[in-house]
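A.B. asks: The lines below spell out each chain.
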Amino acid sequence: MTRRLLIGFGIVAFGVLAIPVASQTRSAAANTKTAAQPYTPPRTPDGQPDLQGFWTNSIYTPLERPKNVTKEFYTPEEAAEMEKRAAERESAEPAAGTVADVHYDEAQFGLNRSQATFARTLRTSLIVDPPDGRMPPLTAEAQKRFADLAAARKRMGAPFDRVQNMDIDDRCLIMAGTAPPMLSPGYMSNYQIVQAPGYVMILVERIHDARIIPLDGRPHPPDNVRQWIGSSRGHWEGKTLVVESRNFNSKRPGVGDWQLAGLAFRGASQDMRVTEWFTRVDADTILYRFTVEDEKTWARPWTAELPMVKLQPQGPLFEHACHEGNYGLVNTLAGARLEEKKAAEDAAKKQPK
Amino acid sequence: MSPRFARLTMIAAGLLVAVTTVIGQAPAPGSPTRQPSGGGTYHAPRTGDGKPNLNGIWQALNTANWDIEAHAAAPGLITELGASIAVPGGLGVVEGEIPYKPEALAKKKANYTDRLKLDPENKCYLPGVPRGTYMPFPFQILQSQKHIMIVHEFAGAVRTIYMENQTPAPADSWMGWSNGRWDGETLVVDTTGFNDQTWFDRAGNFHSDALHVVERFTARSADTLMYDVTIEDPNVFTRPWKMTMPLYRRVEKNAQLMEFRCVEFVEDLLYGHLRKQPK
Amino acid sequence: MSGRFLAAVISVLSLATLPAAGQAPASARQVKAIPPAKTWTPPHTPYGDPDLQGLWTNATVTPFERPGQFAGKDVLTEEEAAEFEKTTNQTRDADRRDARGTDADVALAYNQVWYDRGTKVIPTRRTSLVVDPPDGRVPPLTPDAQRRVDARAAARRASPAGGPEDRSLAERCILWPTAGPPMVPSGYNNNYQILQTQDYVAILVEMIHDVRIIPLDRRPHPSQTIRQWLGDSRGHWDGNTLVVETTNFTNKTNFRGSDENLRLTERFTRVDADTINYEFTVEDPSSFTKSWTAAIPMVKTQGPIFEYACHEGNYGMTNLLSGARAEEKAAAEGKKR
Chain A
0 MTRRLLIGFG IVAFGVLAIP VASQTRSAAA NTKTAAQPYT PPRTPDGQPD LQGFWTNSIY
60 TPLERPKNVT KEFYTPEEAA EMEKRAAERE SAEPAAGTVA DVHYDEAQFG LNRSQATFAR
120 TLRTSLIVDP PDGRMPPLTA EAQKRFADLA AARKRMGAPF DRVQNMDIDD RCLIMAGTAP
180 PMLSPGYMSN YQIVQAPGYV MILVERIHDA RIIPLDGRPH PPDNVRQWIG SSRGHWEGKT
240 LVVESRNFNS KRPGVGDWQL AGLAFRGASQ DMRVTEWFTR VDADTILYRF TVEDEKTWAR
300 PWTAELPMVK LQPQGPLFEH ACHEGNYGLV NTLAGARLEE KKAAEDAAKK QPK
Chain B
0 MSPRFARLTM IAAGLLVAVT TVIGQAPAPG SPTRQPSGGG TYHAPRTGDG KPNLNGIWQA
60 LNTANWDIEA HAAAPGLITE LGASIAVPGG LGVVEGEIPY KPEALAKKKA NYTDRLKLDP
120 ENKCYLPGVP RGTYMPFPFQ ILQSQKHIMI VHEFAGAVRT IYMENQTPAP ADSWMGWSNG
180 RWDGETLVVD TTGFNDQTWF DRAGNFHSDA LHVVERFTAR SADTLMYDVT IEDPNVFTRP
240 WKMTMPLYRR VEKNAQLMEF RCVEFVEDLL YGHLRKQPK
Chain C
0 MSGRFLAAVI SVLSLATLPA AGQAPASARQ VKAIPPAKTW TPPHTPYGDP DLQGLWTNAT
60 VTPFERPGQF AGKDVLTEEE AAEFEKTTNQ TRDADRRDAR GTDADVALAY NQVWYDRGTK
120 VIPTRRTSLV VDPPDGRVPP LTPDAQRRVD ARAAARRASP AGGPEDRSLA ERCILWPTAG
180 PPMVPSGYNN NYQILQTQDY VAILVEMIHD VRIIPLDRRP HPSQTIRQWL GDSRGHWDGN
240 TLVVETTNFT NKTNFRGSDE NLRLTERFTR VDADTINYEF TVEDPSSFTK SWTAAIPMVK
300 TQGPIFEYAC HEGNYGMTNL LSGARAEEKA AAEGKKR
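Residue numbers (numbering that gives the first Met the number 0), protein chains in the order written: chain A, 0 to 352; chain B, 0 to 278; chain C, 0 to 336.
Be aware that a few hints might be false.
Below, simulated SDA-like cross-link-like pairs (lysine to any residue); rule was C-alpha separation at most 20 Å, straight line [what the hints assert, rightly or not]:
1. B/Lys-252 - C/Gly-315
2. C/Lys-299 - B/Asn-164
3. B/Lys-122 - C/Leu-319
4. B/Lys-278 - C/Asp-165
5. B/Lys-122 - C/Gly-315
6. B/Lys-278 - C/Lys-299
I should point out that these hints are in silico values taken from the structure, not numbers from a laboratory. Predicted, not measured: the structure shown is a model, and the values here were computed from it.
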């Protein structure tokens, strides 16, 4: 009797111990070095490692290693110095009354990264492969593609001739930091991850884009179906969520008219494939790693890695109704038309009668 | 400890073991939860004459009417209608690709380019088969012993399916001439006698008057059907090909087909250029 | 003999004696005025309802309203009926060529082969399809309705072909009188197919491939804000009679002057294997000074019903309008000279 009771209590105790302790202190060294104590993330009710919460990938470290840097890691002091200088640049106010003064007040609009939560790494670049921390060389095909596009863009006219000539983020179509791979767009680098049975959803604050990633191994759509955020399929490998994406379109930054095939992420072709790995390495940190493969653009694949850290406070994400409030676009075009009119009038005045 | 208390403890311990075993496990997260496709083991209730009861108001929920093949979203053709008329993306209902003959593919592309003028749907013309089934309008199946009627809300198009006294098509028509039979749980409808005037969708997919359509309607659950279509037209395609999609019952109370007599709505489109102009 | 056997005998007799509609006028056809079914039991659908299913036609030479020549006369004798049929069929014969070389000859438009107006009076030999009021004529319109009718006629005279909306609903391929409701015969294609399920009666009207889907489940009519060309019909069985009540008409449906307040009650009773007694009552106090009723038998006919793709083949409308524009142009040019 007593023995049975003890077994019962022992099982209870085992159950209690099996539940991992939650909060740990945020580690500043969220680099690839393994934490001293292996971290086991909690689980969602359907058994997925829990990535849920509000995260940011805002970071001062550049994608590519700066020209004057050769080593892979800064010392903590060097890293702090780098961040300090970057923050000073961001918060610098231009001289009052100058054209440069008429801009976003970065401090007022919370666009100064140092005002909010941001991630840190001792790495000198986010790119970890190639080992020199820079993107691989472009292929000849890519160079030709860029040249062709530049020519096509010239034929389209000036940037403000029509809305289709303007940048896609000014047009509120999609913003950097949304499609895979997700790199901080400079501000509003906020993400909310929600997991449901069979799905991981990543809500990107910028233009409220939701990446819905099914985990059931279903195939990608056919090749002729192209989307801004591509098509993503995920699966778990141990504690790491692996997401494979393809089916991108080529209407990405700097293109213009939607019918003009152009550039995907950072100059990639639409046949780019991206693999992302999300591993929760502690209560406040997801290690985010991605590889970009595109034989038509880069001589070889390249890989980057950075932490995503928990936002403080934890949300909410506000609705970014970009298009609905896009007075900027209208005003820009109207201003350009007004300038043209003035220039024409000035030219007419100068004509000899 | 009393025997009863001991027993209770054992039960509690057993429960605890079960619970902690579940927690301690690493179940496969996100394991496939695919629904079984049509043609499973569902046995529909029967009509008074003993046949699977397909009576009801049904509607497709996909983008096939825009384009039966896979397609991403795209702008529409009328600027003023903006997003309202833009094309939603869809993964397609065709198994594989449509096997056009080369010259027919050229015609399909020409249809697509000129679809604003050419799409018979715009003119409120009878939609043909199977387009009527997957237009974004409900249709009603009325099942009697000798005939099954399919009545479409769009343009009030109607198909009579002859279950007895079957004959070949006596004349060409827009909706074709349909003969039907039962194959177990499945209603098989064989339709010929089409003219060449209808399209399969808004993307310009078309056929000739040699079109032969075989449809299979199978109850998949109380409120869904699986709908499989085989298209054959030796003038246009190199081989037969198939579409497949679920159809959903309109379950709201007092569901009914509304009139959609669009002839009135297209008079200006068709005859506006013949209108007497005011002086 | 038992009631059932008698009914069967009568059925057989009526099969033998009733010709299919649309036949050429035959001589010496014995037409028995079939009394309302007291003893005939219709077959039933698997759901226990009287079976009205099949193909039916309502073509007849009996006029809708009692013509002046038959004033005061309810029913024709067999001889009178035969004479009336002969005269009517002769007058209507579109293949008559007694005015060759005239405009009237060309204006006949259709040959007789296209017509299907019926060649027989209705079996009861009544002098009109209207049975109430007893004078066999539609009651007078209200002053409002008369004004509406006059205004329509004036508009039609002022602009007979300015645009498609100046033409009749049939010419526009929107609605044909055979569909109604009520369902009244027209020049041709007076064919109907009735199909019954457990919860619905469906009536396919050949022109314009309209299917009246009539629910039997006593659901309410939709909100009064919904107006439809065919209105909205609800049916129920009253003994062996299907009673269909229809409301929610538009103000454009215009059945002999009706407006959106029209409430129509139709009754379908199968009285023998080949006949459905179809009767309808029109209630529209804002249009007619009193309610009125008409009865038109529906008689079994051979199928099939063909697809009537009216709108798809509506060359008539295009030609009519362009002809009118051409006439105007010619007139304007004539004036200039």
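A.B. asks: Please name the hints from earlier in the document that this structure breaks, with their numbers sorted from lowest to highest.
C.D. replies: 1 and 6
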